[in-house]
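Protein chains in written order, with the working numbering: chain A, 1 to 120; chain B, 121 to 461; chain C, 462 to 635; chain D, 636 to 737.
These aren't lab readings, by the way, just hints derived from the structure by calculation. Worth double-checking, as some hints may not be accurate.
[Claimed, not checked] Computed beta-carbon distance windows for the label pairs:
1) C:Gly553 to B:Phe445: 54 to 64 Å
2) B:Lys196 to C:Ala555: 52 to 62 Å
3) B:Phe149 to C:Ala603: 42 to 52 Å
4) D:Asn689 to B:Ile127: 46 to 56 Å
5) B:Glu314 to C:Ala569: 49 to 59 Å
All residues carry an ideal CB built from backbone N, CA and C; glycine is no exception.
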Amino acid sequence: MALDSWSLVAIFEIVVVITTFPLLVFGWVMSAKGRNPIRDAPFESGQTRLGEARLRYMMQYYPYLIMFVALDVVAMFLFTWGLVFASLPVAQDYLFLVFLIVLVVPLGYALYLSGRRESW
Amino acid sequence: MQGLPAIQDIVNLAAKIITSRTFLEIVVFPGFLNVFVGAALLTWLERKVIARVQLRIGPLYAGMWGILQPIADGIKLLFKEMIFPELADAKLLMVCALGLMMIAAAPVVAIPFGDGLVIANMDVGLIYVFAAISLFPTLILLIGWGSNSKYSFIGGLRSLFQQVAYEIPMWLSVLGIVMLTGTLNLTDIVRAQEKLWFVVPQILGFVVFFAAVLAELERIPFDLPEAESELVMGWMTELTGAAFMVGFLAMYTKLYVMSALITALFLGGWSGPSILPQPVWFLLKTFLVATVIVIIRGAFPRVRVDILLRTGWTRLLILAFANVFVTAMLIWLGFGWFWRV
Amino acid sequence: MPDIAFLALSGLVIASAVFALEARELIYGAVGLGLSLIGIAGLFILLGAEYLAMFQIAVYVGAVVVLILFTIMLVERERGRIVEEEEPVRLGRAGIYVAGLVALAVAAAVILLAPVSPEAPEFYRAPLQELGRSMASSYSVALVILGLLIGATVVGGLTLVKIEQKEKTSGTAQ
Amino acid sequence: MEPLSSYIILSSALLGVGIYGLVSKRNAIRLLISVELIVNAANINFVAFARYSNPPILTGWNVVFYSIAAAAMEATVGLALILVAFRLNGTIDVRKLNRLRG
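Construct all of the structure, not just a fragment, from the sequences and the given hints.
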């Protein structure tokens, strides 16, 4: 039975689900169903709830998120380069160096902006 | 008309499947039971070690040295009531808890616990592990949003930014290993360390990877998403009962898997003197790494969130790139053959 | 086995794509998009492009969907929930007609005009080394241009979103 | 192994879903989601054609690499635009963003 490795991944995930899901269902079935405004209040250190929960936002970290999307792509491309690094002519390594150097200024700009709280 | 297959046949088939190597690998040893028991043991280990660090005794009564404490905790949590806040999205929370467990356990498929003792020996193993780990922020953000509580939401956002900030250094710190071995297959990477563990030539990468793993695991000194004194339990605040149990177990599964990943990538995996079989060496190293991570929790203070993010995006990133550069130098100077597979 | 996998994955892709567009809450829409993208990654695996599938999951589901979720949460912030006005039925119907026509036309054209023979080699995996080598040689110019694109995106996105000092508004602090 | 046409039908269906979203939806984020779906339909075709040529050629995979990267960048800028539009107008309903119409 030569199963492809990805089928094994799928089977493993199925095993995880069929062992974990019953726990959740069990907890759901066993718990009381009555609703009670005090019990159902979100946790706020024992205080009554103050206002909407989805209000405040840490917008000053938005540049980090954009940097993440950019560097995610870059890292994946660098892995293809790392795979063949040892057998690659040096001239083609410079190419990836150029690829990185192009990115230095934008990422520096993003870091600079993320440090300035008043911009966000 | 063939008639219904006899019960004997079904039993035989079931016995054949259950005793087949693939099934045993998936369900018992490198697979699910290993992860489950490992994670449960780690919860006990953490309580015991932290207690020792703080000159307490820790769990004591359930079994020898309280080693059955995880089972007691599990049963207790299972029978607790599941309370979801009034505006929370209970179904989303449960599905996300399940998803957390799936993602946390997924990397085990590719990690070799012995020579050939791996569920799926895939060529893209390393990237597969990283891809699985990169799904965490999404689910945690969804949990933080879905529970509609301020603590959960702030914890989820912090977790998002932190994991996102440390993911890139984590990936790039491993790039050196990929350059040295020229493969993404974790079994081959471990085989390449027969002569010298990667922790020596890749010491910079190891430091970056370890710090990034600490941050990915949301552990002290980077445990801002669930800083107990400010955010109660972070994004897990509104998970209760069984959902909390699954989420909690997922985090310890992640700890176990990441320790195993550090072992496989930097500490030589299963290699060791042949007094003990290979999987035992692997498990010993894994639990050693996990213990170090736990002791760090007992010994360090917490950093501030903006410092944390800035450190991740500047120092660690630069260190990771420096590591890549050093490795490139190593290969250009002609030492690369040493670790080729 | 591959047939079942293909059917299941294509079902997942299409169903979650529809769910992404039709879900009542925008958050669920983003989740549906993520599921659809994971299904497409599964299709890539079926086609032998494993590295590509991992790239898809890491970049799309790990980064882009997170960004979409973040934006949705930011946009929904002030009113709790976005009140999406009902689209006119006329528009929805027109959409279905247009989409059906285009999809049919494209499928027919591609299948009729496809220059390749549908006979595929039985077993094939993308050779990872080859991928890196071609990335460094044949696609070198594209790589540098991609670097420029990424840089431009970072600068452009940040410049768009950041608040100028003069017109700083009160609602967006913190 | 399924025939190539099944992949083409699948990607056409995905393209159809994307176009349906583009035509009938009013929320800017849903439009972005539609665009992502369309890009992915194209990607499926690229990979399928690369796989089904005999012998398989890598060009399809390389193109999809760049395509995914470009789509990620496009989503980043698109979301930034949506944020700006929301900040200026308080809505992301594309039918109400008609300030430029004059």
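Status of the hints after comparison with the structure:
1. The beta-carbon spacing between C:Gly553 and B:Phe445, approximately 56 Å, falls within the hinted interval of 54 to 64 Å.
2. Look at B:Lys196 against C:Ala555: about 57 Å separates their beta carbons, and that is inside 52 to 62 Å.
3. Between B:Phe149 and C:Ala603 the CB atoms are about 45 Å apart, so this pair conforms to the stated range of 42 to 52 Å.
4. The hinted window of 46 to 56 Å between D:Asn689 and B:Ile127 holds, with their beta carbons roughly 49 Å apart.
5. As the Cβ distance of B:Glu314 to C:Ala569 is approximately 57 Å, the hint placing it in 49 to 59 Å holds.
When held up to the earlier numbered hints, the structure conflicts with none and fits them all.
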